[in-house]
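Q: Make a model of the complete structure from these sequences and hints.
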Amino acid sequence: MDTQKIMIVDDDPHICEIVQAYCEREGFISACSHNGEDTMKLLTLFEPDLIVLNVMLLANDNGKDWYKDARSYTNAPIVFLSNHEEDEIKISALTYGGDDYVTKPFSPGVLMAKIKAHLRRVSTGRREQLLELPSLTLDYYAQTVSMGSKSLYLSKKEFSLLSYMAQNVNRIVTVDALFQLIWEMKSLEDTRTVAVHISNLRKKIEADPANPETIITARGTGYMLVDRGVT
Numbered sequence: 000m001d002t003q004k005i006m007i008v009d010d011d012p013h014i015c016e017i018v019q020a021y022c023e024r025e026g027f028i029s030a031c032s033h034n035g036e037d038t039m040k041l042l043t044l045f046e047p048d049l050i051v052l053n054v055m056l057l058a059n060d061n062g063k064d065w066y067k068d069a070r071s072y073t074n075a076p077i078v079f080l081s082n083h084e085e086d087e088i089k090i091s092a093l094t095y096g097g098d099d100y101v102t103k104p105f106s107p108g109v110l111m112a113k114i115k116a117h118l119r120r121v122s123t124g125r126r127e128q129l130l131e132l133p134s135l136t137l138d139y140y141a142q143t144v145s146m147g148s149k150s151l152y153l154s155k156k157e158f159s160l161l162s163y164m165a166q167n168v169n170r171i172v173t174v175d176a177l178f179q180l181i182w183e184m185k186s187l188e189d190t191r192t193v194a195v196h197i198s199n200l201r202k203k204i205e206a207d208p209a210n211p212e213t214i215i216t217a218r219g220t221g222y223m224l225v226d227r228g229v230t
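For the sequence shown, numbering that gives the first Met the number 0 assigns the number 0 to the initial residue and increments by one for each residue that follows.
Rather than coming from a laboratory, the hints here were simulated on the basis of the structure.
Fair warning: there could be bad hints in the mix.
Unchecked claim - Quick list of in silico lysine-lysine cross-link-like pairs, PhoX-like style, CA-CA up to 20 Å:
{"no.": "1", "residue 1": "K149", "residue 2": "K203"}
{"no.": "2", "residue 1": "K149", "residue 2": "K202"}
{"no.": "3", "residue 1": "K89", "residue 2": "K103"}
{"no.": "4", "residue 1": "K103", "residue 2": "K67"}
{"no.": "5", "residue 1": "K149", "residue 2": "K115"}
{"no.": "6", "residue 1": "K89", "residue 2": "K4"}
{"no.": "7", "residue 1": "K156", "residue 2": "K67"}
{"no.": "8", "residue 1": "K113", "residue 2": "K155"}
{"no.": "9", "residue 1": "K67", "residue 2": "K155"}
A: Spelled out as structure tokens, the structure:
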């Protein structure tokens, strides 16, 4: 099992040091940031399994924008830290999608127990969110795809297209069905948008995109994801 990664965001370096020390004692990899701008950079590079976040980052509009951007990138659980015990602040933090709330001063042991509980929950849920084919593995939680040891970086629409075809592996999926599912509207016989995304997918999946063997075209109908290990 890969070592789990914890990202800590707090403007107090002492808090960061304490939490990092306890994370390392528990066998986690940790990284720390002290402001919103640096945090987004760290988020994309570090790809944490859980985030410990000072709730005051949400105290202004920039912080709320940061949170929306972060949530579009990761579904990692967020445990908020705060000096405030007011119900309004707790409700606001949890309404934004936080998973837990710890008030300062806090017991590092209690914080670690909460972190491990959320990681166990996520780990259990993630096992149920894998679609594994002989040649492809789709992780619906992380929105990632892997082929053996190779990780593929797909856009949201590319992932949605591949996911739908994987759920219908070795069966033809019509262009209209793909368009309505992904773009939530009728295609009006305009297949070019789907074709462009399929072309981009082939560039990432196929050994020879000009002669595809995994995503094949059913002329006049749609596309089929072929996996010869599935019968």
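Q: State for each hint whether it applies.
A: Comparing the hints with the structure gives:
In summary, the hint linking K149 to K203 is supported, as the alpha carbons are separated by about 11 Å, within the 20 Å threshold. Proximity of K149 to K202 is assessed by CA-CA distance (about 14 Å); at most 20 Å being required, the pair is judged to hold. With a CA separation close to 13 Å, the supplied pair K89 and K103 stays within the 20 Å bound. For the suggested pair K103 and K67, the alpha carbons sit about 25 Å apart, so the restraint of at most 20 Å is broken.
Pair hint K149 plus K115 does not hold up; C-alpha atoms about 28 Å apart against a cutoff of 20 Å. Proximity of K89 to K4 is assessed by CA-CA distance (about 25 Å); at most 20 Å being required, the pair is judged violated. Between K156 and K67, the direct Cα distance comes to roughly 19 Å. Compliance with the 20 Å bound is thereby established for this hinted pair. About 31 Å separates the Cα atoms of K113 and K155, which puts this hinted pair outside 20 Å; it is violated.
For the hint linking K67 to K155, the alpha-carbon distance of about 16 Å falls within 20 Å, and the restraint holds.
When held up to the earlier numbered hints, the structure conflicts with 4, 5, 6 and 8 and fits the remainder.
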